[in-house]
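> Letter by letter, the chains look like this.
2 protein chains.
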Amino acid sequence: MDAIARLLRPRSIAVVGASADATKTAGRPIAYLQKHGFAGEIYPVNPRSGSIGALKCYPDVAALPVSPDVGIVLLGAERASQAVRALAERGTAAAIVVASGFGEAGPDGGRLEGELKAAAGAMRLLGPNTIGLVNLTDKIMLAASGALEMDALPAGRIAVVSQSGGILGSLLSRAAGRGIGFSKLVSTGNEADLGAADFIAHLADDEATAVIALYVEGVRQPERFRAAAEAASRSGKPLVVFKVGRSEAGRRSALSHTGALAGTDRMYEALFNQVGAIRVATFAELLEVPAALAAGRAMQGRRVAILTSSGGAGTLIADCCGLAGFETPPPDAATAERLRPLLASGEAAMDRNPVDLTLAGAKPEILHAALGALLESASYDAVIAVAGSSALARPGPVADAISDRMRGGVKPLLAYVSPYAPHIVRLLNERGVPAFDAPESCAAALSALARPSRAERRARADFTAARPANSAPALTSLPGPLDEAEARRLFAAFGIPSVREIEIDTPAEAEPAARELGGRVVLKIRSRRIAHKTEVGGVAIGVAVEDAARRCEEMRGAVKAKTGFEPEGFLAQELVVNGVELILGFARDPQLGPAVLLGMGGVTTELLDDAAIRLLPIDRQDAQEMIDELRSAALLKGFRGRPRADATALAAAIVAFADMISGFGERLVEAEINPLLVLPEGEGVRAADGVLVVR
Amino acid sequence: MDAIARLLRPRSIAVVGASADATKTAGRPIAYLQKHGFAGEIYPVNPRSGSIGALKCYPDVAALPVSPDVGIVLLGAERASQAVRALAERGTAAAIVVASGFGEAGPDGGRLEGELKAAAGAMRLLGPNTIGLVNLTDKIMLAASGALEMDALPAGRIAVVSQSGGILGSLLSRAAGRGIGFSKLVSTGNEADLGAADFIAHLADDEATAVIALYVEGVRQPERFRAAAEAASRSGKPLVVFKVGRSEAGRRSALSHTGALAGTDRMYEALFNQVGAIRVATFAELLEVPAALAAGRAMQGRRVAILTSSGGAGTLIADCCGLAGFETPPPDAATAERLRPLLASGEAAMDRNPVDLTLAGAKPEILHAALGALLESASYDAVIAVAGSSALARPGPVADAISDRMRGGVKPLLAYVSPYAPHIVRLLNERGVPAFDAPESCAAALSALARPSRAERRARADFTAARPANSAPALTSLPGPLDEAEARRLFAAFGIPSVREIEIDTPAEAEPAARELGGRVVLKIRSRRIAHKTEVGGVAIGVAVEDAARRCEEMRGAVKAKTGFEPEGFLAQELVVNGVELILGFARDPQLGPAVLLGMGGVTTELLDDAAIRLLPIDRQDAQEMIDELRSAALLKGFRGRPRADATALAAAIVAFADMISGFGERLVEAEINPLLVLPEGEGVRAADGVLVVR
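Taken in order, these protein sequences are the chains called U and Z.
To convert a position in the first sequence, counted from 1, into the working numbering, add 50.
To convert a position in the second sequence, counted from 1, into the working numbering, add 50.
Honestly, the hints are just simulated from the structure, not real lab data.
Fair warning: this is a prediction, and the values are worked out from it, not measured in the lab.
Treat each hint with caution, since some may be false.
The list cannot tell twin chains apart, which means a pair is met if one copy fits it or any two copies do.
[As the list claims (entries may be wrong)] Pairs of lysine-lysine, BS3-like flavour, derived with a Cα cap of 25 angstroms: (1) 189 / 74; (2) 74 / 106; (3) 583 / 687; (4) 583 / 167; (5) 85 / 189.
Build out the structure end to end from the sequences listed, making use of the hints.
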């Protein structure tokens with residue numbers, strides 16, 4: 051057994067700093083271990099007590115009769131290191147340090163945290179600043195959370211990994227209130243050693259766990275997190291994530307346009323997307339969506355039947371499902387035939403969905419028969435049963451009728467409870483029917499059930515193109531911004547061609563250059579000092595041959611007046627008129643690392659915030675998904691009679707750009723192609739302008 | 051007393067079709083009236099019973115000893131008309147018809163509904179297909195809702211108007227569960243006579259009501275609704291709306307671009323916006339936001355203090371508040387001084403918000419003192435108190451400490467309950483502290499409290515410009531689409547100038563026309579048959595004088611080939627290069643009537659869905675709000691060094707366009723200016739293309 055396995059399922063536990071007073075935090079762990087029936091050995095350690103209840107108390111860790119699997123340390127931040135060192139010396143598998151006052155409290159605490167980690171040596175460490183962990187599969191409560199005061203904590207198939215101990219307690223309490231059971235819950239605290247990723251990876255192999263719910267403030271080790279999430283995905287265990295820190299300013303001010311599009315939350319969005327995690331929008335959904343997934347049924351299409359005894363509640367559920375992109379078609383003829391004898395309200399109700407049983411919906415046998423007809427209908431991929439106020443009078447039989455239909459079936463069956471009836475919600479969840487009291491959560495759960503896994507999505511995609519062979523990066527030795535021409539030579543080395551262009555030094559050279567480029571051209575200043583040329587009058591579009599020299603002079607004057615800098619020269623480019631303008635950019639999150647960004651081009655990019663982001667590394671399918679994710683993707687697909695754009699070449703360019711980013715590694719400060727012109731199918735892409743800053 | 055007042059507060063009630071069996075729908079109203087202590091007279095009408103309980107039963111309405119204020123009719127759809135006629139003949143103020151099977155059931159039911167309305171004559175009618183109404187102010191339950199089985203229905207200051215009876219029951223039950231009280235609840239059903247607007251107007255004057263919550267499927271009489279909502283606004287009573295039917299396809303296919311942008315839900319959004327209603331996004335918020343508003347405190351700024359005993363829950367609330375646009379600044383020095391003796395966690399916690407009391411937060415005197423410090427601090431506009439799991443042990447004293455701080459203060463004070471603790475939520479709400487168990491609802495409530503009323507918004511706005519005098523519509527007698535030139539002459543008549551242009555008949559006239567317009571021009575075909583000229587090759591931009599004739603020939607060929615139609619002529623327009631392209635359009639909702647729409651121009655309009663809509667009539671401030679509402683509004687405000695656009699002229703053009711729409715009335719089928727070019731400040735706007743279809 052590895053250390054994490056011993057941590058989650060210890061046979062012996064040392065409680066260092068244990069108190070005999072169960073109302074104090076230091077008294078709770080032993081009280082909770084005993085209350086919930088821990089069958090292993092508990093060794094309290096406290097020099098000032100002889101015993102705690104029936105348990106002998108030891109003066110220090112060295113005095114323990116055995117080497118415990120786990121030590122839970124309840125001492126303050128100043129004294130915790132000493133206990134941790136003693137536990138490590140005894141060969142303990144893992145220590146849990148509850149105290150706060152470490153890294154989260156400032157530089158002094160950070161120093162203490164460093165000492166703590168050093169004291170642990172090879173022993174694994176949970177915390178500090180953790181509430182501990184709860185293993186409901188095996189009834190082992192290694193936590194100080196007041197939520198463990200509850201008597202009945204249902205075990206189930208959902209594991210929780212939380213970076214906040216208070217939230218772990220809140221989830222534990224809320225789940226018990228709703229009849230939702232957990233397998234394991236871990237609060238990772240400051241993650242001085244063990245982090246969320248370690249537990250996700252472990253739970254991916256835990257037989258008692260079917261779904262992993264993650265409450266996260268920030269991902270500290272993105273590579274480990276990605277690997278762990280992919281392990282969970284391979285094990286067929288959905289990872290459901292709620293993230294706080296969504297409201298951080300998080301928008302980097304940067305030289306490139308890209309920076310403004312790549313807020314911290316968007317980077318996390320990309321991360322969760324890429325590992326196939328299901329991100330929920332509300333705190334309630336962090337419980338309710340896993341509960342729906344734990345039933346183990348996937349929705350194979352988008353058609354949902356709603357069976358109700360309350361017309362209003364049925365309409366409300368239908369509306370929420372519709373907003374989430376589901377269809378509610380009326381029953382087909384065969385299904386209608388089965389429903390006919392059950393409906394009091396006559397023929398008019400036969401062609402409707404929601405199917406309204408009105409008052410008869412309170413009769414369990416009618417409810418049971420109608421659910422059968424809908425679950426077995428070829429017209430539906432899932433069924434939602436709505437319990438109206440008529441269910442209040444006989445919650446047991448109604449819950450029985452619904453839960454009996456969970457047996458043997460394969461389609462998702464959910465329940466929505468319309469009146470205030472927490473006991474009905476609890477009863478249904480306990481019997482394995484995912485039950486909701488918020489219509490929006492019900493629709494969110496359905497969305498999670500209808501979502502193909504990442505593995506399925508990749509299997510469905512039709513990609514034959516291999517990754518393009520990429521040249522080694524033609525690294526310039528020069529730190530700082532490259533000028534346009536240099537940047538585009540570099541892009542070309544990675545397989546992204548540029549528009550035809552001629553570098554010139556003086557305005558007088560502009561006219562012959564324009565003639566050579568075929569007439570009307572784009573003129574730009576060249577400068578290492580000016581990133582946004584348009585804003586300072588350094589770009590002229592569609593200039594005729596005879597005007598070229600004069601426009602160069604004008605630009606020089608305008609730029610000098612606005613910036614104080616003299617342009618280093620000029621660039622004449624062919625005018626491409628049949629391309630769609632995109633931005634291809636780079637962003638680096640301090641936690642999550644480098645990412646590639648695709649956005650719509652032109653000045654509207656930032657205004658309209660239409661961008662797709664992926665963390666590196668990416669492959670062709672990621673690139674294709676980025677293209678499809680843009681709201682403006684329609685512009686590439688033959689919008690309003692225009693030719694279809696070359697999406698294949700665009701996907702290849704995205705991957706090539708990502709390769710270039712990887713090639714530069716930490717040296718890369720800014721990189722952006724803006725605009726990247728995507729030509730009609732078969733004609734490829736062209737970089738028309740670019741920024742590249744290397745340090 | 052008018053009929054609605056008598057309906058809501060009757061002294062005598064006839065119950066037609068009453069049953070002695072309280073488990074049947076027809077037995078419920080009398081049972082509920084008696085159970086909840088109705089003090090007036092009840093007259094059961096049923097030819098087959100001599101008495102119902104202690105009440106004498108009458109064979110028919112004619113036999114009643116008095117003329118009742120209200121008759122509630124429990125007969126089926128076929129027999130209801132007769133009872134309604136009899137009630138009307140007795141001079142009853144209003145009848146409530148519970149049966150379904152009317153308009154909602156199809157054409158036969160529609161006929162029955164017509165008969166019902168005719169039978170009522172001058173008597174007012176609630177329903178049919180209504181669950182009835184509940185007056186908790188005066189303990190009068192005129193409803194068949196099973197939710198009235200509950201013993202304790204708290205009275206309060208929130209009124210509910212619901213188009214669904216089932217939802218009324220659900221709200222009644224959920225509110226009681228949360229300790230939220232109502233004044234009156236009305237289910238308006240099919241609204242054959244009395245509709246939601248009538249009750250909103252009445253409740254605007256109801257002393258017992260401070261907030262009106264509306265559950266709506268569709269607004270049947272938009273003018274009455276607007277008038278009623280404005281009456282509520284004048285009385286200082288917020289109107290909180292939840293609308294279903296949001297997921298309807300609802301996108302009209304139309305000749306103009308505008309149609310695609312004006313979905314049904316967007317029209318409702320505009321309606322709610324214009325009347326100053328607060329639209330909530332989730333069903334739970336339809337209860338929770340009114341409960342927060344009923345406390346009667348407005349938030350004067352955006353700064354919120356969060357006081358917590360659970361770090362995790364505090365962070366979660368701070369994140370939700372941040373997402374909703376609130377700030378959580380740390381305490382100022384004076385506030386920190388007051389908090390210092392209360393915080394166990396030392397100096398590090400002093401400069402933080404959420405303010406974390408940790409375990410001391412369970413001590414009522416510390417909680418009370420800390421709340422006082424934050425509520426009285428000049429740094430905060432509202433305070434959220436978070437109850438962690440430590441509150442579970444002593445809910446009463448914690449609730450007392452919080453609710454005591456509601457006395458005497460003026461700033462909003464809300465509570466968030468982190469563990470599963472419905473009793474704490476109930477206790478707090480009962481004591482007047484708006485309490486939440488969803489962090490998102492807590493933030494939504496804060497948003498509602500921070501929202502200036504429509505009256506305040508209008509008072510703050512700085513508008514001196516009067517409505518422009520508008521010419522009478524130069525109505526063309528010709529039905530069908532106008533050609534471009536005709537459309538723009540019409541726009542000009544309403545004060546919206548067009549770009550300079552010359553109508554020509556043949557390609558040969560193009561060159562001199564282009565020369566007269568100053569060189570480079572836009573060339574377009576003229577055609578009554580083709581609305582979207584760009585898509586068929588009928589537009590050429592930036593054509594040089596010498597190319598003008600040839601391009602006209604090319605366009606003629608391209609258009610003929612694509613559409614089969616020969617253009618009727620051509621138009622040469624000056625090329626405007628310094629304008630921002632917008633769309634100004636018209637849409638008509640079958641229920642809500644005509645609306646004006648403003649969107650970003652160019653092909654990206656539809657893709658990016660950036661549009662502002664207002665129902666007519668509108669004024670200058672509405673126009674200004676439309677401009678500000680666009681995500682792309684920054685383009686008009688000197689984006690990236692461009693000149694500021696002439697927003698004043700744009701607002702005037704929007705109002706002028708709205709006047710034109712009103713002028714045409716029902717005859718107008720399509721109207722759109724696309725693009726409308728907004729020039730730099732002081733230079734006005736120019737219509738560059740337009741569609742107008744009149745019938």
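> If a hint holds in the structure, say so; if it doesn't, say that too.
Hints, verified against the model:
no.	hint	verdict
1	189 / 74	within (22 angstroms within a copy, 48 angstroms between copies)
2	74 / 106	within (19 angstroms within a copy, 66 angstroms between copies)
3	583 / 687	between (30 angstroms within a copy, 20 angstroms between copies)
4	583 / 167	neither (51 angstroms within a copy, 71 angstroms between copies)
5	85 / 189	within (10 angstroms within a copy, 48 angstroms between copies)
Going through the hint list in order, the structure does not satisfy hint 4, though it satisfies all others.
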